[in-house]
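**Student:** Going down the list, the sequences are from chains A and B.
At position 306 of the first sequence the residue is numbered 289 (my numbering), and the sequence of numbers has no breaks.
At position 185 of the second sequence the residue is numbered 168 (my numbering), and the sequence of numbers has no breaks.
Note that these hints are calculated values from the structure, not bench results.
Nothing here was measured: the structure is a model prediction, and the numbers come from that model.
All C-beta atoms in this analysis are idealised placements derived from N, C-alpha and C, irrespective of residue type, glycine included.
Not one of these hints is a red herring.
If you only want the chain B side, here are some residues facing chain A, beta carbon under 10 Å, derived:
1) P143
2) F145
3) R149
4) L293
5) V295
6) G300
Protein chains: 2
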Amino acid sequence: MREIRLALVGFGNVGQAFARLLIEKQLELETEYGITPVVTGIMTGRHASCINPAGINLEQALSNISQGRPLTELDTFSFSGDTLEFIQSCPADVMFETTPVNPISGQPALSHLRHALEHGMHVITANKGPVVYGYRELKELAARQRLGFRFESAVMDGAPIFSLFRHPLRGARLLGFSGILNSCTNLLLERMGQGESLEEAIAYGASIGITETDPSNDVDGWDASIKVAALATVLMDHPLTPVEVDREGIRGITREMIAEAEAAGERWKLVCKAYWQDGDFVARVRPERVGPESPLYSVGGTSSFVNFELDVLPGLGVLESNPSPKTTAYGMLADLIDLEGEQA
Amino acid sequence: MREIRLALVGFGNVGQAFARLLIEKQLELETEYGITPVVTGIMTGRHASCINPAGINLEQALSNISQGRPLTELDTFSFSGDTLEFIQSCPADVMFETTPVNPISGQPALSHLRHALEHGMHVITANKGPVVYGYRELKELAARQRLGFRFESAVMDGAPIFSLFRHPLRGARLLGFSGILNSCTNLLLERMGQGESLEEAIAYGASIGITETDPSNDVDGWDASIKVAALATVLMDHPLTPVEVDREGIRGITREMIAEAEAAGERWKLVCKAYWQDGDFVARVRPERVGPESPLYSVGGTSSFVNFELDVLPGLGVLESNPSPKTTAYGMLADLIDLEGEQA
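From just these sequences and the hints, can you work out the full model?
**Tutor:** Okay, here's the thing in structure tokens:
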């Protein structure tokens, strides 16, 4: 049995779901994979931070958060420095990063990951920012340090995308992909099809916690663009930032246009695409009308879908339905199991 | 660089596509994975069989077959015994099995795989028969012999299904699945929707090489049932044979029923399902009407789709479009890379 010490940087919905999943899967992790994860530090934005080299009681930590009480009330050492100091102080083997995405620079997550790698920790993040802005640097740093850098949950929550190429799709070359990667706009377009205005649909999205803090991140296609950039950077070895993606959001789509498409048996979707064409790399996000013969047509609500075109598989689609913070948390757990499998 | 000697048992469409893929991917296999596959034996049904410990020229072998000439014309040792003798005689590290499926017993493929494992070869098969009828036995035999037993191409051609659970989905528990696993009936129902009778559609399927030798294998749901059984056996640890699947084929579906469904905006699909319900295992294949909100609705032509329900991922779908023998061949190559990765 191998004890693995985890430092959690960020303890919002995903961080908490990850803690719950660690509790739920504890026995399975021990019996199936021979690992015992012990959380030695939690850094939060609003509930103070704590470190306990002997292990933090996750049930208590979750209970405190749910009651709006600080983690420092636990039988742990409270910690009052910044995140970089936290990373230096927390005795951990793996850092889990779940702070909010910064689509402009990937910061401060990028610095957190760099710092953790420099201090000898594997890093696992659900944050696409550092993947887009620091993939090569972090990958090389991790390799030099003989450490792992994993980010399965950065795109399509916990659905296996990056790990699909890491293992099952070895020997295959990715030629291009297309799909619906921003589930928020997908939901907004669906609500507009039911008669709501964009503003009403956004308000609904916010009420169920789907719309991100800044709606323009979704509505203007930035979130989709950063996901296209992440997939192109990692899977096609073509580094790309969101501004390099030819981007058009859904603000130009009216209820009338949606009704017109519906009358023709079609639906508007915010479609992501990237592929090589005559030596040029094409990457774009824009609203398109899709018919019932397209796998994108039935992708509804908060589901997402990506279709890969490979030299050896003409079409391989991955559909993720009904994601939740638990789904994202699972992607991070899968990263941990994969990383530990490589170390064992 | 590690040389791996391969014995090919079966050299039909898939076996030949595999040989072409070995040629196409030779450089990549050497540079990316450090392996040099060398085919030392080919056993065919109609073109005689040959063994050459120094390696068979695959270009010549493919050329001979395409001209209807026997393999024994090559600069190789001809071989005239049966398959079991071939396996004993061929100096190989890995046996590739691509003989036709026997849905009743999995034979003789099951014996071939057993024999190869007993003689110290890893085995890779595209044949679902031995997976359904010999999974546990072959898995245990392979483990005792410290050899690999892989069968990615047994279900949904080369799309990653079994390998998805082997690596990326570790730590996840499969609760059930549903999908369209027999692309032939999917095509037949589509053709019937365009006005053909079942017989006309079958004739078309045969003309493009889609319908299997015995159409009842597809039409009566046997092929779908054996795939359900394979997935349940391997992925849900619930051994099942095709006769244990509650099975109804598409013979009862008339053009009128298809037109009626179409008028209601729906389509008939041969739907496969397996799941646990109140402690009972439910496994069935039967025609169902699906609407445009279902991911099954847009699965057309020879595409196939499966949706997995996991404890940590409410819905994870895999869609395979436009498969060909090359797709199946790729699944076997991926198996080889995976297996060699474990040995390295």
